[in-house]
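Undergrad: Just so you know, the protein sequences line up as chains A and B, in that order. Every number in my numbering is 119 more than the matching position in the first sequence, counting from 1. Every number in my numbering is 986 more than the matching position in the second sequence, counting from 1.
Derived by calculation from the structure, the hints in this document are not laboratory data. Any given hint might turn out to be false.
Pair ranges (Cβ atoms, derived) [said to hold, decoys possible]: (1) Leu-1113(B) with Asp-287(A): 55 to 61 Å; (2) Glu-317(A) with Met-1065(B): 39 to 45 Å; (3) Gly-142(A) with Val-1016(B): 56 to 62 Å; (4) Ala-415(A) with Val-1005(B): 27 to 33 Å.
Because the structure is a prediction, the values reported are computed rather than measured. Positions of the beta carbon are idealized from the N, C-alpha and C atoms, including for glycine.
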Amino acid sequence: MYAAIEATDLRKTYPPGVRALDGMSVSVPAGTIFGLLGPNGAGKSTTVKVLSSLSRPDSGTALVAGIDVLAEPVRVRHAIGVVGQKHGADPEATGCENLVLQGQFYGLGGRELRARAARSLERFGLGEAADRPVKTYSGGMQRRLDIAMGLLHRPQVLFLDEPTTGLDPEARSDMWREIERLAGEEQMTILLTTHYMEEADKLASQLAIVDRGRVVVKGTPDQLKSGLEGDTIQIELPDREDAGRVEALERVGGLGQVMLDGRMVRARVRDGSAAIPVVLAALETQGVRATSVTVARPTLDDVYLRHAGRAFQQAESEPEEVAA
Amino acid sequence: MTAARQCWQVYLRGVRAFVRQPAYLGMTLVQPIIWLLLFGALFKSVARIPGFDSGSYIDFLTPGVVVMLAVFSAGWTGMGFIEDINGGVMDRMLASPVWRGALNAGTVAYGALTVVVQTAVIVLLGLALGANYRGGTVGVLLLILLAALLGTTFASLSNGVAMLARQRETLIGAVTFVQLPLTFLSAALMQRNLVPAWIRTVSKFNPVNWAVEAGRSAAMQKIDWGLVGSRIGLLVALALLSAAFATRAFSKYQRSL
């Protein structure tokens, strides 16, 4: 299938040496939703900035809608819609004024533009708020306006940078429905970044997990999860332990990928509930008592853990990407 | 064509925000009104210094305050860009194919409009205080035009610095650093032949002084067309140069993203 986005080996270092992209490559088939999943600071936003011509990489190549982003940024800008992480609308202007100004930026104008803006406001449930200043909108309404602005010129490729961050659960599920509709009915190619596992799982037909500026694994959400056989077993210990004392677990039959992370031990096993007594007994022989044991079906969190070598939450709490 | 329409739309965005908060105009006028009243009273006896040409200090001061106001008002234009950067509006605009020059020109035009409205108020206040506009309506309009032209230069510079610095504090520092020295190194408050020679020399190269001397000649004396015309030419050239600087600042900003 024709790739609407083809980025190869993007590298970018911010002064004073923060490596935001370190060999990032993504390929997105036309008409699909592609998810970039990763913790804050993984390089998701930088990837979007580079692919949307806002920022330039130090090296690498990028084609969007068949156009070379580095050689012809203006043509790319006509072909794409961008919804950034922050609200992009002017809070002092009304929803309608924002849309009309946005349309002018894309060379639209006149009666056609006004009609298109009005239709777009209706479609996103903002018809009644059309003539109110955006600063009076709720978070969900502002986000819908952001998307309406990104779509006004009917782009072939839409970039959504963390579209649901900061939304309440109801607004989030509305947004999910809208995004699914765009890809389904309108055949749009969507590149979505998120740090919500659930969001990536639900929306993306293809998914790349990113960490430290590069893709660590990609596939469909199901492929990624089924790549992890069996269950995750998670054991909480009363104190921090050194690796030596949980080594015994690696000798337990059927248990794999044992990982110690502070007071948490995680391991993969075919049948979680059957393994619990064996695991506890093995720890007992080392004099380690567990505080709690949980068994779970594999999630994308486990996929991340497996490929990035650390837990998602842990990566999230590390220093943020240099905001720029 | 598209570029002109985009300029116009960016300009309208500013005008609409301005119209929605008319109180803002009042606030921006407090300072120049105080200058006019305070300096007018403080330096009243300056008019009695031998060699001082104007009949009254208020005649002399009013065009000076009009030009000062242009510098002080237009200097803050870049604050809008900093708000746009912080709010995500700037990145959204730059991800679109909008002509970068329009983002600057539109806001600068709006800044110039603000200067025109503000200076018109000050001109009327001067009239109430007894200023004698010997240049008539044409002279006063030329004074306002000169102030607006100077304003466009400072508005573009402010926009450019805002895009490069991206921080409110830096812009405030840069603007306040420049405003007062440029004003005092001009004939805004004191006649040039009564100031030290070095200030006279420096003021020849000070665009604020170009606007002050030409504006004063136009509004208060018999219009010296040679002076007024040449200064308008210089200020137009400077306005274009600073607009080019501000437009280039967008790509500098994008390179840092």
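Undergrad: Next step is simple, just say for each hint if it's right about the structure.
TA: Going through the hints against the structure:
no.	hint	result
1	Leu-1113(B) with Asp-287(A): 55 to 61 Å	holds (58 Å)
2	Glu-317(A) with Met-1065(B): 39 to 45 Å	holds (40 Å)
3	Gly-142(A) with Val-1016(B): 56 to 62 Å	holds (57 Å)
4	Ala-415(A) with Val-1005(B): 27 to 33 Å	violated (58 Å)
Consistency note: the structure conflicts with earlier hint 4 alone.
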